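There are 2 protein chains.
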Amino acid sequence: MGVHEHKDLLEKLGVDVPRHAKMMEMGFESYKNQFMSQENRPEAMKYFNWFMSEMQGQRIAEINKLRENKKPAIGAFCIFVPEELIVAAGGACFGLCGGSPATIADAETELPRNICPLIKSAHGFKLQKTCAYTQSSDFIYGETTCEAKKKTWEILGKHHPVKVMNIPHMKREKDLKLWKEELVEFKEHLEEITEEKLSLEQMKEGVKIVNAKREALQRLDRLRSMNPDIIPISGKDGLFITQMGFLDDPIRYTQKVNELCDELEKRVEDKISVFEKQTPRLMVLGTPFAPPNWKLHTAVETSGGAIVNEESCIGHRYYKDNVDLDNVQDEDTLMQKLLDKYSAVDCACFTPNAPRIDKVLKMYKDRKLDGVIYYTLSFCHTYNVEAHLVTQALENEGIPCLVIESDYSPEDAGQIKTRVEAFLESISFKNKAKQFKQNQEK
Amino acid sequence: MGVHEHKDLLEKLGVDVPRHAKMMEMGFESYKNQFMSQENRPEAMKYFNWFMSEMQGQRIAEINKLRENKKPAIGAFCIFVPEELIVAAGGACFGLCGGSPATIADAETELPRNICPLIKSAHGFKLQKTCAYTQSSDFIYGETTCEAKKKTWEILGKHHPVKVMNIPHMKREKDLKLWKEELVEFKEHLEEITEEKLSLEQMKEGVKIVNAKREALQRLDRLRSMNPDIIPISGKDGLFITQMGFLDDPIRYTQKVNELCDELEKRVEDKISVFEKQTPRLMVLGTPFAPPNWKLHTAVETSGGAIVNEESCIGHRYYKDNVDLDNVQDEDTLMQKLLDKYSAVDCACFTPNAPRIDKVLKMYKDRKLDGVIYYTLSFCHTYNVEAHLVTQALENEGIPCLVIESDYSPEDAGQIKTRVEAFLESISFKNKAKQFKQNQEK
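Chains as they are written, first to last, in my numbering: chain C, -10 to 431; chain F, -10 to 431.
Any given hint might turn out to be false.
No copy labels: a pair is met if it fits in one copy or bridges any two.
[What the hints assert, rightly or not] Okay, derived cross-link-like pairs now, DSSO-like style, lysine-lysine, Cα gap no bigger than 30 Å in a straight line:
no.	residue 1	residue 2
1	Lys147	Lys348
2	Lys197	Lys351
3	Lys186	Lys59
4	Lys118	Lys431
5	Lys118	Lys152
6	Lys147	Lys351
7	Lys354	Lys147
8	Lys309	Lys35
9	Lys147	Lys163
10	Lys348	Lys193
Derived from the structure by calculation, the hints contain no laboratory data. Just so you know, these numbers come straight off a predicted model, no measurement behind them.
The task is simple: from the sequences and hints, build the whole structure.
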């Protein structure tokens, strides 16, 4: 694995190299068991296997190469961070490590136990110095989308440079106006690092690169979810690809996702599915899955179900909208278009957030799905409380829904699997009854 | 008790009268056991005993008398609601029921289990229709100070009129500008109820009434906490008085608090303390205590300690600042002065919130206290995460601190008492060692 070849760099970054190497080995072992054992994976997944082995090796070297040339390297925990501007400045935007239970005990020396595992895991990675991304970031760009994060930045700021983007509670015109100012301020933070002004052309180029990345993911989404009889790639792989999009170089990544999609298109033509016919096709709603949090996908796909979409920040919520570059002639308009894109994100942090419900129902129908899992990380109040209105809307439409709240501990994996199995059984029963009725009516 | 005499009114309000009567009887029983059994209570507590028996009786009748005359009755869960304006409009501002475990099971039919008990309790009171205040409110004025509340308003709004005040995440000038607009908008909501414009004179009168109330509570605070050898009233009574301030008529209440303070002043002169000499004097930091949540105070004061201050929203954070009326000649200036007062509230919902730490250290030293209990309601992320920075600052100053997180269930009462006893013992030991050292040095 790449981590060994880049030992000197990792040491220079202050990474706890032996501990880091051990964690990466465990992560890769887990990846091998859960991913590489899957049958009939697309050929193009080889690139993502390679990236898995180099995500804390060669990719870290690439990022630090950029930094040597005064390009910004910004760590983030949220899709509200305008990566277009970072890419425009020639830098790298990446999601920080926050999906492992291995750092949580350390984090709990400074944070309460009963907050979201993602925040604790991420904070623990900083305390342990076992995330090369965290160590490579000029600053961590926090935000106010959740109060546990908002308050954790105050503590994390003692260990690493942190800036905070103020995401409003509401989306009234006046709130959006302040949000736009946050975008402009962020651009200025980047210019402090590069020591030069970002030009309109650079920014448009940044937008184009990230738009292309999102388009590739939209294409992957369609291939995963829009062909009822053919699912050409597992949900686990679909999730993993999306996760890697928060780490990889966007141009290379876009090319690799598109190459994969070419292969998947061929599979659809040739009717090659990685799941048996009649496999219940599920959508997952809710909070993000930071790698290596593959627990739910593994539970579903080893129990006779398939996940074909994640309505999640590491998923559809990230790539659903693009930035419109038509008629953008000046910086202010560009910032407005960025704001239009970001304020279309239907995060549960906003009140009210009704458009999310309409979107979920539409996604479900468009994809002709069999059921929904509403997934939340433990103690995520916003998605947890919003679950009531969302699941009620699903219930009104007769859509089968299973609600799962979980953290990163392996302890509930068995219980989740049991609940998922029962859920899948009820869906299969329902589908068979429907088919029987349809046959009789003929 | 007053609830029986006002049965017709309660029925008209949609209150579930039999269930409500039963709950009030249980509440009064609990009050009798925990409060009326205290020895050597001030004479002036008689008024508060009476108010306890009439809080869901005569007081509800008074509020509905106002409503008959188109005066606003506004229910709230937060001290950011500008009660000055409600009083100015001749109406009543009151804290809604939210301190009882008896409504939580009902709330959990719509809300997650792992959010703050205050929110669940309050939501349950609405579902059960067992809070005459909730039933008497023209609207509930929610706010965005905590995300579980912010998202709960969306659900509560299906059962009762709710408006939401947007309290910002930060206190930058631009955030405060929007906050001021919320104050103006709130005034307009009130004018819709009264169907007449609020005049500057009315608003100044409203401010004066609420300033006087806060001054009475500041006076009570000084009497409770500033005389190391004499504690003329129990912490439990001090808390109860503060709690009733969110329900009672402000003018009558101010008078009654001042009458009590007259008596307490006399007690200080006469050296009458309700606690033995050397009783450790504690301050409680953190989240609010909605009645009948008296668990912590009872634990401390039946274990040989005294609570002499609550740095809490039902406590010092509520009454610490007044609205400055000097040179207020127009409405805009008045709104600015209101904003100055409210934005001085150091709620953990803000980031950063450093002034809170300086204030806590100063309060501790001014009052020459013996220790601190940092209390949070379960799952209150903001106060829970902020605890790290606060307790670290206390530790740096060598201030004894006990952290307690609790909900409304009686189950942890024994455990809390054990922890409090051990804490008080360590304080007594420390104080004796200090005294011994001082004697030796003489």
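Practice task
First find the shortest C-alpha distance between Lys118 and Lys152 inside one copy, then the shortest across copies, and answer within, between, both or neither for a cut-off of 30 Å.
Solution key: Within one copy, since 19 Å is at most 30 Å while 45 Å is not.
Exercise for the section: Can you give me the call for Lys147 and Lys348, within, between, both or neither, at a CA distance of at most 30 Å? Expected result: between (40 Å within a copy, 21 Å between copies)
Practice task
Could you figure out if Lys348 and Lys193 sit no more than 30 Å apart (CA to CA) within one copy, between two copies, both or neither?
Solution key: within (28 Å within a copy, 48 Å between copies)
Exercise for the section: Since the copies are identical, ignore which copy is meant and state whether Lys186 and Lys59 lie within 30 Å (CA to CA) inside a copy, between copies, both or neither. Expected result: Answer is within: at 13 Å inside a copy they meet the 30 Å cutoff, but 59 Å across does not.
Practice task
Up to 30 Å between alpha-carbons, please classify Lys197 paired with Lys351: within, between, both or neither.
Solution key: Within one copy only: 27 Å inside a chain, 54 Å across chains, cut-off 30 Å.
Exercise for the section: Go through the copies and call it for Lys354 and Lys147: within, between, both or neither, with a Cα cutoff of 30 Å. Expected result: Between copies only: 26 Å across, 47 Å inside.
Handout entry: Homo-oligomer pair classification [Lys351, Lys147; C-alpha up to 30 Å]
Key = Only across copies: Lys147 and Lys351 sit 23 Å apart there, 44 Å inside one copy, limit 30 Å.
Problem - Same-copy or cross-copy closeness of Lys118 to Lys431 [CA-CA at most 30 Å] - result: Neither: 65 Å inside a chain and 52 Å across chains, both beyond 30 Å.
Exercise for the section: Measure nothing new, just compare the shortest in-copy and cross-copy C-alpha distances for Lys147 and Lys163 to 30 Å and report within, between, both or neither. Expected result: So Lys147 and Lys163 pass the 30 Å test across copies only (26 Å; inside, 32 Å).
Exercise for the section: Could you place Lys309 and Lys35 in one of the four classes (within, between, both, neither) given a Cα distance threshold of 30 Å? Expected result: within (26 Å within a copy, 64 Å between copies)
Checked against the numbered hints given earlier, this structure breaks only hint 4.
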